[in-house]
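Engineer: Below, each chain spelled out in residue letters.
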Amino acid sequence: MQQFAPLALDALNYTSVLLLVSIGLIIVFGLMGVINLAHGEFFLIGAYSVLVAQGFGLPFWIVLPIAFMITVTVGLCVDACILRFIYHRPIDTILATWGLSLAIKQLMIIIFGPGAQQVSAPITEPAVIFGVTYSSYRIVIMLITGAITVATLSLLYLTRFGLAARAAMANRQMAQCLGINTRLLDRTTFGLGAGLAGVAGAVMAPLMSVDPQMGLSFLIPAFLAVLVGGAGSPLGALYGSAVIGTSNTVIASWWTPVIAQIIVFSLAIVIIRTLPAGISGFRRS
Amino acid sequence: MILEISDFHAGYIRDANVLQGVDLSVRAGERLAIMGRNGMGKTLLVKSIMGLVRPSAGAIRFDGMAITGMPTHRISNLGVAYVPQGREIFADFTVLENLRLGIIGKPALRSESFDQVFEWFPILAERKSQRAGTMSGGQMQQLAIARALVGRPKLLLLDEPSEGIQPSIVHEIAVTLNRISADEALTVVVIEQNVEMVERLSERVLFLENGRIAEQANVHDLSEDPSVIERYLGV
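First to last, the protein sequences are chains A and B. Read the first sequence against our numbering and you will find it ends at 285, with the numbers running on by one and no gaps. Read the second sequence against our numbering and you will find it ends at 235, with the numbers running on by one and no gaps.
Check the hints yourself; a few may be wrong.
[As the list claims (entries may be wrong)] For the chain A half of the interface with chain B, some residues (derived, Cβ under 10 Å), not all of them: (1) H88; (2) R89; (3) A167; (4) L178; (5) I180; (6) S253.
[To be verified] Rough simulated footprint, nothing fancy, chain B against chain A, three-plus residues with beta-carbon under 8 Å: (7) 159-166; (8) 171-177.
If you are wondering where the hints come from, they were derived from the structure by calculation, not from laboratory data. Because the structure is a prediction, the values reported are computed rather than measured. A virtual CB, placed ideally from N, CA and C, is assigned to each residue, including glycine.
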């Protein structure tokens, strides 16, 4: 037990952060049909928000809601200035969001420089859990991401807004015929998705080197998680993140991160080939 | 007039109009059927009323207001409800969730009491926790109609409500709709090829042929002179 506990905790930690990133991707894709290649840059903006805020001496715990608000605002601006004109043209949205991701990265390089920067963790004392000594900050990350995930899934599955959003994901035209303003839902969910990625970037900033390329390291596994979990349901993000996050962490600890990536990609291909609608699609059928 | 359509031209593809100058008016509380062969533009016409298809020319007025080019959700909020061909219920959602979706986009309606629709369609009350996709075709059709009615519409658009449903249920739905229309002063426009449904439900029938209203008849005249049906439906 003591041998496997740190590994299980690492897997849970990676999965929970991956879930915050992928849930935004899945609701934006499900609702608007937009494959948002700039989603990793919302993660990036969240991380840089922490860097700037710490520079001003703000406590880390206040920075988290600030990072959320900043990325929500950026997301709303992206929707208002770019996506609302092209969301019904899927190929164009891929090109536009890719272009946006390049622009945000370059903007970060201009402002902060190309190098990696460090953010200090708010707590550094180790904690003892399941009889093993483990990073207390990582435990806090799991608690924060867990709470945000529960809040997000509750919003999607227990509220009128969530019911309307899931209806629009299932049949956008019929939702409009029932009086639901799908454009308002688009804006709200895009902002929310961006905010979740921003929070993920903010909580991960002390554990990673903050640099302009860091968004990509979460964007690719998040896309894999969406494909494996199934893009038809917000729960797909949960299933996909669990499969990708756990297998990546476990295999990387046994072999190397490179072999882990090869195996995880192969596993994803097998799952997508056998379950085209992902795990959530298989469960529904 | 609750609905007025004038010189209406529209098509699914640009510059290829299927509807070529449709003119029609519907009185408040009237039950109107629109009949015609496949491909004559019946579904296109109701989709245009809902704002799902942009016209190339012409105008639609609902309750005195020009709704041509208006977003679909706003047309719905003005009091136009739509039961599409194939029903398009949310199969993964429960019956109750489907009904809640009928009022969720309507700011004026805050109450979530479905007693009235459960009285009209008792089977829905029995199955309110059931996943909608697991019900029979007739039950799904009743759910689609109930979902439209909970939004308290002034005009109900039905596209082929009898399609794929056993005759006894078709009869039952027609009788129920007739009663609801009379009790609630609800205007009903039904696209239909099932003569029995039209006779049970509607008062007046329009025949759509080559993108225009070719003829209209009182529904009682149809049973006396079936040649009109033969001419426009080929049956």
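Engineer: Confirm or reject each hint.
Structural biologist: Status of the hints after comparison with the structure:
no., hint, in the structure
1, H88, "13 Å, violated"
2, R89, "16 Å, violated"
3, A167, "5 Å, holds"
4, L178, "5 Å, holds"
5, I180, "4 Å, holds"
6, S253, "38 Å, violated"
7, 159-166, "holds (count 4)"
8, 171-177, "holds (count 6)"
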